[in-house]
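Generate the whole structure from the sequences, applying the supplied hints.
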Amino acid sequence: MTIQGEMIIGRRVVRGGAGTTRAFNPATRAQMEPAFGLATEDDVAAACTLADQAFDTYRNLPLEQRARFLETIADRIMDIGPALIERASAESGLPAARLEGERGRTCNQLRLFAKVVRDGYFLEATLDSAMPQRTPPRSDLRMRKIPLGPVAVFGASNFPLAFSVAGGDTASALAAGCPVVVKAHSAHLGTSELVGKAVRQAAEDCGMPEGVFSMLIGEGRVAGQALAAHPAIKAVGFTGSRQGGLALVRTANARKEPIPVYAEMSSINPVFVLPGALAAGGAKLAQGFVDSLTLGVGQFCTNPGLVIGLAGTDLDAFRASAAAALAAKGAGTMLTAGIHQAYVDAVGRRHGLAGVEIVAQGSAEGTGCAAQAALYACDAATYIASPALEEEIFGPASLLVACRDEAEMLAVARHLEGQLTATVHATGDDRELAAGLLPTLERKAGRVLFNGFPTGVEVSHAMVHGGPFPATSDARSTSVGATAIERFLRPVCYQDVPADLLPEALRDDNPLGLARMVDGSLQVAK
1 MTIQGEMIIG
11 RRVVRGGAGT
21 TRAFNPATRA
31 QMEPAFGLAT
41 EDDVAAACTL
51 ADQAFDTYRN
61 LPLEQRARFL
71 ETIADRIMDI
81 GPALIERASA
91 ESGLPAARLE
101 GERGRTCNQL
111 RLFAKVVRDG
121 YFLEATLDSA
131 MPQRTPPRSD
141 LRMRKIPLGP
151 VAVFGASNFP
161 LAFSVAGGDT
171 ASALAAGCPV
181 VVKAHSAHLG
191 TSELVGKAVR
201 QAAEDCGMPE
211 GVFSMLIGEG
221 RVAGQALAAH
231 PAIKAVGFTG
241 SRQGGLALVR
251 TANARKEPIP
261 VYAEMSSINP
271 VFVLPGALAA
281 GGAKLAQGFV
291 DSLTLGVGQF
301 CTNPGLVIGL
311 AGTDLDAFRA
321 SAAAALAAKG
331 AGTMLTAGIH
341 QAYVDAVGRR
351 HGLAGVEIVA
361 QGSAEGTGCA
371 AQAALYACDA
381 ATYIASPALE
391 EEIFGPASLL
401 VACRDEAEML
411 AVARHLEGQL
421 TATVHATGDD
431 RELAAGLLPT
441 LERKAGRVLF
451 NGFPTGVEVS
461 HAMVHGGPFP
471 ATSDARSTSV
481 GATAIERFLR
491 PVCYQDVPAD
501 LLPEALRDDN
511 PLGLARMVDG
521 SLQVAK
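Using this note's numbering, read the sequence shown as starting at 1 and increasing by one per residue.
Treat the hints as calculated values from the structure; they're not laboratory data. Model, not experiment: these values are computed from the prediction. All C-beta atoms, glycine included, are put in the ideal place defined by N, C-alpha and C. It cannot be assumed that every hint is accurate.
As the list claims (entries may be wrong) - Under the rule of at most 35 Å between Cα atoms (straight-line distance), these lysine-lysine pairs were calculated in the DSBU-like manner:
1. K256 <-> K145
2. K329 <-> K284
3. K145 <-> K115
Claimed, not checked - Estimated spans, in silico, between C-beta atoms of each pair:
4. A342 <-> G19: 20 to 26 Å
5. V497 <-> G101: 44 to 50 Å
6. Q31 <-> A96: 18 to 24 Å
7. G368 <-> G348: 16 to 22 Å
8. A311 <-> Q31: 48 to 54 Å
9. D429 <-> G368: 45 to 51 Å
10. L410 <-> L502: 51 to 57 Å
11. G101 <-> D508: 45 to 51 Å
Here you go:
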């Protein structure tokens, strides 16, 4: 499949007419061929209109047909072969092995949602029988979830595949029954074209209505805002900066019909290392922390940007081990020139903060958009008094905070903003302190983990990748895992609707074979 610098509007492959842009190789700092045409406002409107026209047809297709569509997308992505990995690596600076794993994750995610669709649990079919003899009488009441409508998806910079054109937002929206209009991220234009054309081919292979999927290339403040503002769009999925996410929230709220924006934005992912864990294996913990911090040059939204422990010899030993491990790490290429410069600027600002010292830096400066890892340290009082230390540094930088006692550690936990993750390293000797931390961490984070590191995010039914603001714009949601589908659904109640007009999910004979809540009891189809 050849990259032509094109975008997709329904079944058409289109070259935008609002100017051109090129992808960028962060390792060489060179622009790449070909030039990509940028979407006009008419292109945005055309994609949204087609999505709106496709909505009723798509949402009413049999669940099996929807599930096969998701699986076919995964198959067509795999059919691209090595060309996808080669282009993604050139555009992102990420190694081929990492991208091969990400491709597998992307396809497995699509297949997970195919299973979710087939199971039908996401419909939450519920039946409450009529009670005509009751005073007052109760009507026949039935409820199911239906899709919201067309969804705008904004690709992320740090995952060219798994959080992009056919990533989690797209997969969960399509699974819900929502057509999708993607705005491709400027950091991986060629990768996006390859995947977008694979989705288009899958839609054609499966007989999907035109408009079930479109992919636009455009400048964010023009095409992106126009997309979020279009009346056909009923929800937005976004992964990126706090600034970008809040801009979309403002646009969505300013519409005549406000819509939900599910934005994953900013998190420093605190790691609490409790005394028993430090005493039992501080050096091993330090190595694991540094490996997690520097994974993917720190460009994970779950990167451990804050470590909290009790001051003393064990924390000093952890600090020394972490410094040695970090100093041995070479510089790595960051995703874009903009991300690299933002990292350099943020690290520079932290160097100048009162009460903050540099513990260690990576071993080499590297070339191109290469970044050195950095570890800083301060005491808890300095951290609590310095709002600048709460800001996420997107890259391989972290801060070690030393607390005088357990009360101060709990104060740091209460001071935290909303997070995607919060980690506790503990042994049985730490049970009382861990139990004291847990209620606060539940309030602060979407995922609480013990004796691990947060950078791995499993795609599963139980996973939550979300959290209170500013981690996300809506703490009730997740962008990873089976329940991500719930973002794009809403409940509808059917009261005394004639049997022949009821949707299949709510008919007495249960033709879909769904597990349903009937008169307050769960009934599983035989």
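_Verify the CB-CB distance for A311 and Q31 against the hinted window 48 to 54 Å._
holds, 50 Å
*Take a quick look at whether K145 and K115 sit within 35 Å of each other, Cα to Cα.*
holds, 17 Å
*asked:* Looking only at beta-carbon atoms, does the pair G368, G348 fall within the given range of 16 to 22 Å?
replied: holds, 19 Å
*Take a quick look at whether K256 and K145 sit within 35 Å of each other, Cα to Cα.*
Given pair K256, K145 holds - Cα atoms ~24 Å apart, limit 35 Å.
_Is 18 to 24 Å respected by the C-beta to C-beta distance linking Q31 and A96?_
holds, 22 Å
*May I ask you to test the hint 45 to 51 Å on the CB atoms belonging to D429 and G368?*
Since the Cβ atoms of D429 and G368 sit about 47 Å apart, the hinted range of 45 to 51 Å holds.
*Can the suggested window of 51 to 57 Å be confirmed for the beta-carbon pair L410 and L502?*
holds, 53 Å
*Can the suggested window of 20 to 26 Å be confirmed for the beta-carbon pair A342 and G19?*
Taking Cβ atoms as reference, A342 and G19 lie about 25 Å apart, which means the hint holds.
*Is the hinted range of 45 to 51 Å satisfied by the C-beta distance from G101 to D508?*
Since G101 and D508 have Cβ atoms about 47 Å apart, the given range 45 to 51 Å holds.
*asked:* Between the alpha carbons of K329 and K284, is the straight-line distance 35 Å or under?
replied: Within the cut-off at roughly 16 Å; holds.
*Given a hinted range of 44 to 50 Å, is it respected by the beta-carbon distance of V497 and G101?*
Since the Cβ atoms of V497 and G101 sit about 48 Å apart, the hinted range of 44 to 50 Å holds.
Checked against the numbered hints above, the structure breaks none of them.
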